[in-house]
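Combine the two chains into a complex, taking the hints into account.
The lines below spell out each chain.
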Amino acid sequence: MVTPMATEKSPPRILAAADLDLLIQALRSAGYRVVGPVLADQAIVYDEIAGADDLPQGWTDEQEKGFYRLRRRHDPAYFGYAVGPHSWKKYLHPPRRQVWRAHQSNGNLEIELPAEDSQATAFLGVRSCELHAIAIQDRVFLTGRYPNGSYQNRRQKVFTVSVNCTSAAATCFCQSMNTGPAVDLDCDLEMTEIVNAGEHYFLVRSGSDSGEAILKQLPLLPATADQTEGEAAAIDNAVQQMKNGPRSFDSSDLQSLLYRNYDSPAWDQVADRCLSCANCTMACPTCFCTTVEDTTDLSGQHAERWERWDSCFTGDFSHVHGGAIRPGTRSRYRQWLTHKLATWIDQFGSSGCVGCGRCIAWCPVGIDLTEEVKRIRELEQS
Amino acid sequence: MTEVGMVETSGIEASTAIEPPPKLAVWKFTSCDGCQLSLLDCEDELLALAQKVDIAYFMEATSRQVAGPYDLSLVEGSITTPDEAERIQQVRRQSRTLVTIGACASAGGIQALRNFADVEEFTRLVYAHPEYISTLSTSTPISAHVPVDFELQGCPINKRQLLEVISAFLHRRQPQIPAHSVCIDCKLQGNVCVMVAHGTPCLGPVTHAGCGALCPGYHRGCYGCYGPKENANTAPLSHWWQTELGADRADLIAGFRNMNAAAPVFLRESLAVENGAATKANPVPEKSAPGPGQNPDAPLGKPGP
Ligand code: SF4
Ligand code: SF4
Ligand code: SF4
Ligand code: SF4
Chain A
188 MVTPMATEKS PPRILAAADL DLLIQALRSA GYRVVGPVLA DQAIVYDEIA
238 GADDLPQGWT DEQEKGFYRL RRRHDPAYFG YAVGPHSWKK YLHPPRRQVW
288 RAHQSNGNLE IELPAEDSQA TAFLGVRSCE LHAIAIQDRV FLTGRYPNGS
338 YQNRRQKVFT VSVNCTSAAA TCFCQSMNTG PAVDLDCDLE MTEIVNAGEH
388 YFLVRSGSDS GEAILKQLPL LPATADQTEG EAAAIDNAVQ QMKNGPRSFD
438 SSDLQSLLYR NYDSPAWDQV ADRCLSCANC TMACPTCFCT TVEDTTDLSG
488 QHAERWERWD SCFTGDFSHV HGGAIRPGTR SRYRQWLTHK LATWIDQFGS
538 SGCVGCGRCI AWCPVGIDLT EEVKRIRELE QS
Chain B
18 MTEVGMVETS GIEASTAIEP PPKLAVWKFT SCDGCQLSLL DCEDELLALA
68 QKVDIAYFME ATSRQVAGPY DLSLVEGSIT TPDEAERIQQ VRRQSRTLVT
118 IGACASAGGI QALRNFADVE EFTRLVYAHP EYISTLSTST PISAHVPVDF
168 ELQGCPINKR QLLEVISAFL HRRQPQIPAH SVCIDCKLQG NVCVMVAHGT
218 PCLGPVTHAG CGALCPGYHR GCYGCYGPKE NANTAPLSHW WQTELGADRA
268 DLIAGFRNMN AAAPVFLRES LAVENGAATK ANPVPEKSAP GPGQNPDAPL
318 GKPGP
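Top line first, the protein sequences correspond to chains A and B. Counted the way this note's numbering counts, the first sequence spans residues 188 to 569. Counted the way this note's numbering counts, the second sequence spans residues 18 to 322.
Hints were generated in silico from the structure; no laboratory data involved. Check each hint, because a few of them may be wrong.
So the derived label-pair ranges between C-beta atoms look like this [to be verified]:
(1) B/Arg285 x A/Pro514: 11 to 21 Å
(2) B/Arg177 x A/Ser505: 19 to 29 Å
(3) A/Glu491 x B/Tyr235: 27 to 37 Å
Under the rule of at most 25 Å between Cα atoms (straight-line distance), these lysine to aspartate or glutamate pairs were calculated in the DMTMM-like manner [said to hold, decoys possible]:
(4) B/Lys176 x A/Asp437
(5) B/Lys45 x B/Glu137
(6) B/Lys176 x B/Glu103
(7) B/Lys45 x A/Glu480
(8) A/Lys277 x A/Glu249
(9) B/Lys176 x A/Asp481
(10) B/Lys45 x A/Glu491
(11) B/Lys45 x A/Asp503
(12) B/Lys176 x A/Glu249
All values reported here derive from a predicted model rather than from experimental measurement. Think of the CB as a built atom: it goes at the ideal place given N, C-alpha and C, for glycine as much as any other residue.
The shape of chain B in the complex, shown without the other chains (with noise of 0.2 Å):
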């Protein structure tokens, strides 16, 4: 690894003249870009970082192409074709560093629902030619075809947490992305929980923090957009939405079943939810299930037995 950045309590200034600056560069795969554009969003700190790295290859920002290998390579998108199932390995074998950025990334995504169904049917569906679409039955995380040195959990990111694995990066340090609850920042907030108060359903405390609470911020429940957090434990909440705030099924399936539907803990909750179908006299409703916390005027949770 470089040494660049290495803190020393003296010499930082020659070390940086001497070595070349580390080499970034930014990888698609299927994806909607979002998260690459949380990075073009740091309009305020693009120059300090152009001035720290190598911006080696972005074809978002610039077709410059500077070749491999590379000290950190961010990674955005899942793997749904065989194509890419191939260039991952290339960006792996070029990549010193590499760091999933998003949902799709880190947990397959939202085109991860195709998971739950039938791909060939999809493509028969859309496509005038579905014989010229190759893609594979599934939507995986990197994580499923190379080691991963750090994944950025996010629908999309939040651009403060890239800079600080950047700078993380850079430094030497560990980057502080805390694997807690979103409750801990709705709480650090002064926020008013959504869920007692209001009655409204919320993912945030199974949901992996780094938006900042930002829904409940707004009366909403949160919409699990960072995925599972550490240890998190989802039967109780689905109980807690079904038996106190009037949640069905359905809403369960569409709260779990979202951006990060393949992340195993929220895989194995919306299969668990589902499945209590076939023995409970309690079938799925069919509608269109609103996601959590879109009716804050719903009828209120009654107290708790």
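Looking at chain A on its own, in the form it has when it is part of the complex (with noise of 0.2 Å):
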């Protein structure tokens, strides 16, 4: 497993609740588009911010499989929600992207590449189990024989300020995949908030230049050896809620295990209930798959390609001449979670899931994945 060193933070300082505007200010001064939580259709979205007034403060969400409700908190929180129907993927690896075009004239064919998006972008709430999908992602394009251009542009613009989760949905498993709640990876600024008797002010770190260079123009105190031991105690919460939690499991031997179940009737069980929508696949913070289509206007004169999120849910994600290799839901579904669970491991040296549960909340029938695992470790001892 590819466990990546983060580099040294600096000690952790003081920012007040009240003067988190600040920091959105100074990102934005400094050129950053600033994207993060906000309140949309009734769930905590992604998007463009302005300011800390866009925040979906006193929110949170409750979450089972198939199941996502927001809910009012008893506090004034930012940051007090787990995690929605979006990733940050979206940014980074847009659903839809135009890879080329071309325009023929006079006999003549002219290929245009189109101009990438570069604007810099800061991302706001990037939570522990999200780093580390990232930190997948970036194997995923970055490294090997083909590193994906349009991608590394958009990720070497990115600026992350990273929260550490002190309570956890009851889907999150980040604590079984050793990928949270503690933000343990590289990242510009790290913050803890802590909202408790009347305080209400965040923990701040800086991972980066860029991110000092931010903090050095907010109104900081340095913190108390009471509010770091606070912070810590934040933290376990949410490491208690999920190890207590009904989706806690050993993830050590995923791999062996998945390896020798190609053939356990639970693929044929999760088959009957699965509709192969590929919901899962879209949610899910490091599916990376896409198709491309090319496509001509009436005169033929201009054509396009385009690249667009696709899923090994799908008839075509298999289609060579004569038919999908993986005509049913009970390959499909076996190729989902053993891609995500162990084959991933031998392509790019670490688990394709960082138990963020978002296929589980945002699956529409509820299929749960840790139940799955479950199920296929239950049946082979049966």
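Below is the structure:
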């Protein structure tokens, strides 16, 4: 397993909650488009924000399999939710992207590359599992023989403000996947939000020179020993929630478990319930698969190639001459789970799952990856 | 097949100059004309289309009629009369490529609700002189009568998709009409899922994409206008609607028995839900069933077990 080592972060300092907007404005003045959590359509999604007023202050999310509801919190926390339907993937690896377009005139074919979106972007509120998901996509897109220049162009202009989780949704299992809830990867700034008995502040640390340059512009106080201890206890709260929750499991042998169980009856059972709708792969922050669509207009003088997200749950995904290699749901679900938890390790050196729980909450019929793993294990033993 | 539009590295201009343009015909069977209107609705592209094809037969648009054979026939409507059953054979004989457009032509349409009932009873109720009515007892898709080269699903079809099919035909390439779920398009647009976040029943997971996830984008459940997707698995969706979203069997039957009622996958599901009736102490409630997602303010579904 690849365990990327984070560079040492600065000692923590205290940012009053009332000054959170100053951080956002400092990022904007530094030329970043700031994207972060906002309320939309009864969920917390990621979108562009202009200031702290845009954040979902006082809101949280209740999540279960196939279930997500916004709930009011009893405190004014800004980051008091877990993860929602969107992930940062939509910025780094957009759902649709024009790859090239071509024009024909007087018998000459002209191929044009579209200008890449080159806007520097600050991600505000990146959770530990999400940093791991970004690191996983970095390995997919930037390492190996064919680095993806388009991804690289967007990726290198991202400034990350991470947030330590102090509570977990029922669908979270980062603790089992060793990807959270405490931030352990590189980021430009790291924050922990503390709200208790009339106090509301952030512990902030910088993890890069550009992060430190932003912090220099903010009114900060040194953190006391009590405050750092309080921070550790708050993060431990999330650890305990997950340890004692229903989705805690041993992930150390998943690869060999799945390789031993290609023929488990569990695959037939899940195929009865799965819709092969692909919501899980779309919502997953690490799934990277795309297809290309080539189109022409009526005149035949213009052609375009577009890349768009695809999924191993579609028939087209494995279509070759004569039909689909994975014609049914049994083989499609097996591909998804086995890729996430096993073959990904051979391919990219880490699991493809960070335990964010999105595939569980956003499956419209509540299929739960952790339950499926458990079922495979039980059926093997029975 | 005509060579027009065949993509080569050179000589395209020359070949278009020599060959006559392909002949396009648009045929109507039992339908509402909505899909033909989608073609007329392509205002900006109609001129470009007229330059690339000879619109040889399109009664909705022009009374000019050029005799067959036709290179591309677009067929709207289902087969509901003995006369239509004969006429589709003639259309097929005159057409090099035959593409059905819409739910009527591809699945039988809303009029396939007659397949679940007694047509003679309908005609007795509706017409003063039912003896003048010559009709079949079922509404069937074009593919039940003649070989079809491509089915463009949707009620009505999406005009962008229609242009894509025509462009693909002209330039001898595959049309980009993915057969995947509405959910994929929904997620590509970043919509918040109405099933998961609002508890609104949605047919998106079993429905063919093409509309651009229009209804979920407006906080409504998908009505299944585009018919079943590839590899659709309806039973677990029905189960979830009932156990988690508080839908009853009438909601499900109304959802599946719609414009695509006779599409085999939806037909099987609505019958399965209906036939569950006899055995269960769970009668189909007698009420005018609302379509999916008509009441976003309905009590929210409870969390999963
Ligand atoms: S597989 Fe599921 S839990 Fe794992 S990273 Fe993807 S969406 Fe999150
Ligand atoms: S699980 Fe499927 S969609 Fe996701 S990365 Fe693997 S093959 Fe692609
Ligand atoms: S597991 Fe759920 S979200 Fe994924 S394809 Fe199956 S039904 Fe859809
Ligand atoms: S709203 Fe409907 S179409 Fe969209 S993801 Fe949810 S179930 Fe699928």
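Hints not upheld, ascending by number: 4, 6, 7, 10, 11, 12
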